[in-house]
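Colleague: Note that the protein sequences, when read in sequence, are chains H and U. Going from the first sequence to this note's numbering is simple: count from 1 and add 7. Going from the second sequence to this note's numbering is simple: count from 1 and add 29.
None of these hints come from the bench; they were simulated from the model. Ideal Cβ positions, reconstructed from N, Cα and C, are used throughout, including at glycine. Treat each hint with caution, since some may be false.
[As the list claims (entries may be wrong)] Okay, the calculated beta carbon distance ranges per label pair:
(1) U:96 - H:597: 53 to 59 angstroms
(2) H:494 - U:146: 48 to 54 angstroms
(3) H:434 - U:136: 47 to 53 angstroms
(4) U:146 - H:597: 28 to 34 angstroms
[To be verified] Derived lysine-lysine pairs resembling BS3-like cross-links, with alpha carbons at most 27 angstroms apart:
(5) U:59 - H:525
(6) U:167 - H:525
(7) H:519 - U:94
(8) H:316 - U:78
(9) U:118 - H:525
(10) H:525 - U:111
(11) H:274 - U:126
(12) H:525 - U:126
(13) H:421 - U:126
(14) U:111 - H:389
(15) U:59 - H:389
[Claimed, not checked] Which chain H residues stay away from chain U? Per the calculated CB distances, all over 10 angstroms, these:
(16) 14
(17) 51
(18) 162
(19) 388
(20) 400
(21) 446
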Amino acid sequence: MIPEIGHFALILALCVAVVQGILPIYGAAVGNSALMAVAKPAARGQFLLVLTAFGCLAYAFAEKDFSVLYVAATSNSQLPLHYRLAAIWGAHEGSLLLWTLILTIWMFAVTLFSTHLPESTRSRILGVMGLVSIGFLLFMLTVSNPFERLIPAAAEGRDLNPLLQDPGMVIHPPMLYMGYVGFSVAFAFAIAALLGGNLDAAWARWSRPWTTVAWCFLTVGIAMGSGWAYYELGWGGWWFWDPVENASFMPWLAGTALVHSLAVTDKRGGFKVWTVLLAIMAFSLSLLGTFLVRSGVLTSVHAFATDPKRGMFILAFLAIVIGGSLALYAWRAPRVGLGGSFASVSREGMLLANNVLLVAAMGSVLLGTLYPLFLDALDLGKISVGPPYFDSVFVPLMAPAIFLMGIGPLAQWKKASLPDLAKRLKWAFGVSVVTAITLPIVMGNWTPLLSLGLLLAIWILTTGLVSLRERLTHVAGNNLMERLASVPRSYWGMQVAHCGIAVFIVGVTMVKGFETEKDVRMNVGETATIGDYMFRFDGAQDVVGPNYTAARGNFSVSRDGRETTVLYPEKRRYTAQNQIMTEAAIDPGLLRDLYVSLGEPLDDGAWSVRLYHKPFVDWIWGGCFIMALGGVLAISDRRYRIAWRREEPAVSASTRAARRKVA
Amino acid sequence: MKPRHKRFAFIGLGLVVVVVATWLVMNALKSNLSLFHTPTEVANGEVPKGRPFRIGGMVEDGSLKREGDGLTVHFVVTDTAKRVPVTYKGILPDLFKEGKGAVAQGQLAPDGTFVASEVLAKHDENYMPPEAAAAMAKAKASGAQQSKSLVVPEGRKDSL
């Protein structure tokens with residue numbers, strides 16, 4: 008009964024989505040405010056309906072209702088409750104439901120925080136989101152229904168893939184989807200602006216916080232996926248340039264470009280056409296990511312379904328969304344206008360160069376991801392494009408972008424002078440170059456890539472300091488604290504996010520330059536040394552978990568004779584599917600991770616063992632979280648809070664000016 | 030600079046980036062593509078010499094041997110028509126099993142052994158890497174004699 012309620016709620020949601028997708032947009036076109044007023048209640052109603060459906064599916068999982076095919080396929084009576092609930096998005100159908108739920112959450116948020124928008128704009132935005140929602144609801148109801156019954160009911164479920172039974176996996180998909188789907192808001196804003204033909208600085212200011220929030224979620228989501236791969240796959244790698252990873256990285260690159268381009272549109276009214284194109288691109292890549300990951304084109308833990316009907320549906324949906332929005336763009340963009348002019352050496356110029364590089368990098372990732380698929384589809388042979396391709400394309404494209412990242416914030420808008428910039432940055436440049444060359448030599452391993460990585464990281468930090476110092480001399484305040492406090496949060500947000508990149512680069516560079524890896528055979532009592540650490544294998548015991556049995560190894564780690572830690576890696580056998588899983592043991596640290604994973608049991612209690620010493624590896628994810636924190640700081644800026652509160656955009660400019668004067 | 034010159038400068042900059050990116054992509058693709066070959070093609074000598082490539086197929090039952098160091102393994106990959114001996118030093122993935130599909134990346138040694146640098150078996154037991162399945166389907170289509178029935182993947186939700 009409960010699953011049928013869920014199914015019915017989805018059907019109702021589809022009806023509401025159709026109304027929401029058509030009436031408000033039509034109303035906005037003909038200027039009928041009664042029709043436009045439909046948007047808000049429809050969006051909220053749709054949210055409640057999809058939430059009901061989601062709740063019903065959660066209930067089926069919690070109650071172990073194996074008469075629902077999806078529940079039987081992805082859970083098991085022995086699976087603990089929190090993983091049963093996480094199993095809702097553990098496979099294809101449920102993750103689409105999660106996607107749709109998140110889309111309606113974003114819609115609901117738009118209805119809450121859009122009181123200051125003109126009615127026609129708001130109804131267009133909600134209408135566009137309703138149209139996107141139609142696609143997903145239709146997809147679920149026609150080819151991938153999570154509430155499909157299994158009659159007779161299964162006695163026992165097939166269990167969730169053991170790889171996904173992990174706390175990181177509980178949070179990773181919702182985070183990633185919040186990011187993916189969040190770009191639908193920026194997309195809806197862009198389409199609404201194209202439909203309405205009014206693309207001004209106010210438009211950019213409204214869509215900026217939405218885009219930044221989505222970008223933050225996506226950043227955290229990708230970082231968590233990468234962290235999961237690191238500790239769960241047992242290979243010690245954190246990024247494999249796997250197509251599914253690329254699928255989430257491409258929207259991130261486009262989204263990053265969009266965040267920067269929106270800044271120019273907001274502050275200077277420039278880049279309008281380009282910003283709209285990037286908004287379309289970011290969301291299209293999110294959809295493409297869903298297609299790549301969920302259609303079975305790529306085979307990995309993520310590719311749940313290999314049903315060609317589903318693939319065709321998503322492909323058609325993609326063609327309609329991308330083709331339709333690009334056609335609209337081609338038709339309407341010329342009226343939008345290009346915005347203010349600027350010199351090639353200026354902040355706009357550098358942001359433009361940065362955008363072009365980001366998009367070029369995105370394109371090269373796209374090519375490397377899709378090329379093998381095309382060759383395969385056309386029957387021209389099977390190839391694989393490995394990490395070396397991505398490394399050798401990505402690094403040369405990103406290095407100049409990151410170099411510009413240091414200069415951009417210091418350059419004036421409209422026109423900057425190169426000699427002046429050089430004068431202001433000579434110290435930062437000198438310090439960066441000297442440290443980047445000497446530090447690796449001191450550490451005893453000089454390679455060009457190591458120096459390049461450190462150079463870029465230190466360059467970001469030192470130029471950030473120069474910029475902050477200049478900023479502080481320009482703000483009002485009697486002492487340093489007051490001055491620091493009067494620097495706007497959006498500026499802090501930018502600096503923090505850029506520092507996050509620096510931390511990330513340090514992590515990547517140090518891991519690549521100094522990591523050590525060893526595959527060894529270890530008898531009980533034997534030792535192996537890696538880095539400065541000595542690992543002693545004290546044998547393995549059998550342990551029993553809720554839905555698995557395991558051999559648990561016992562490793563004492565010591566450094567200079569003092570014990571550092573004891574690590575317990577496991578080799579698990581999940582009983583439901585008789586599947587073997589390696590559970591690595593990690594001793595994390597600010598400056599290094601120690602990582603042990605068990606290979607196979609050999610004779611006499613010996614095991615083959617993989618040992619890693621990974622310096623600074625946690626900085627990689629730390630950097631991502633700092634980037635996201637920067638995004639959060641940026642959206643907490645006063646100017647947006649004022650924007651939420653005010654009724655009419657025109658009023659606030661004067662009130663704000665008045666407030667300034669009073670202050 | 031006049032606006033027209035400026036526009037040319039920007040278009041020029043864009044073109045330069047595109048050209049550089051294309052050059053990088055072409056260069057990287059040329060040296061980093063790894064082609065996939067079936068054991069039959071390896072046996073017939075239709076594979077690149079001195080360049081890494083991938084082979085895929087089924088790990089023959091009873092072919093897995095481990096050397097005394099516990100790390101070097103030998104096994105045979107077959108598409109049911111031809112067999113290729115493979116050596117690999119390192120820890121095999123969790124889902125690597127005799128009688129199941131596997132894909133290996135590596136180079137052909139002069140003695141005809143495939144020296145693998147990486148062994149992939151990312152999939153669960155009901156599922157075969159698409160390359161491995163394709164290798165066997167190809168051998169079957171070419172009329173080679175069959176030694177045993179095979180697991181061929183089909184589109185199902187249990188291929189999770």
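Colleague: Evaluate each hint against the coordinates.
Modeller: Status of the hints after comparison with the structure:
no., hint, verdict
1, U:96 - H:597: 53 to 59 angstroms, "violated (39 angstroms)"
2, H:494 - U:146: 48 to 54 angstroms, "holds (52 angstroms)"
3, H:434 - U:136: 47 to 53 angstroms, "holds (50 angstroms)"
4, U:146 - H:597: 28 to 34 angstroms, "holds (33 angstroms)"
5, U:59 - H:525, "violated (31 angstroms)"
6, U:167 - H:525, "violated (38 angstroms)"
7, H:519 - U:94, "violated (33 angstroms)"
8, H:316 - U:78, "violated (41 angstroms)"
9, U:118 - H:525, "holds (11 angstroms)"
10, H:525 - U:111, "violated (34 angstroms)"
11, H:274 - U:126, "violated (60 angstroms)"
12, H:525 - U:126, "holds (23 angstroms)"
13, H:421 - U:126, "violated (64 angstroms)"
14, U:111 - H:389, "holds (19 angstroms)"
15, U:59 - H:389, "holds (15 angstroms)"
16, 14, "holds (18 angstroms)"
17, 51, "holds (33 angstroms)"
18, 162, "holds (16 angstroms)"
19, 388, "violated (7 angstroms)"
20, 400, "violated (5 angstroms)"
21, 446, "holds (28 angstroms)"
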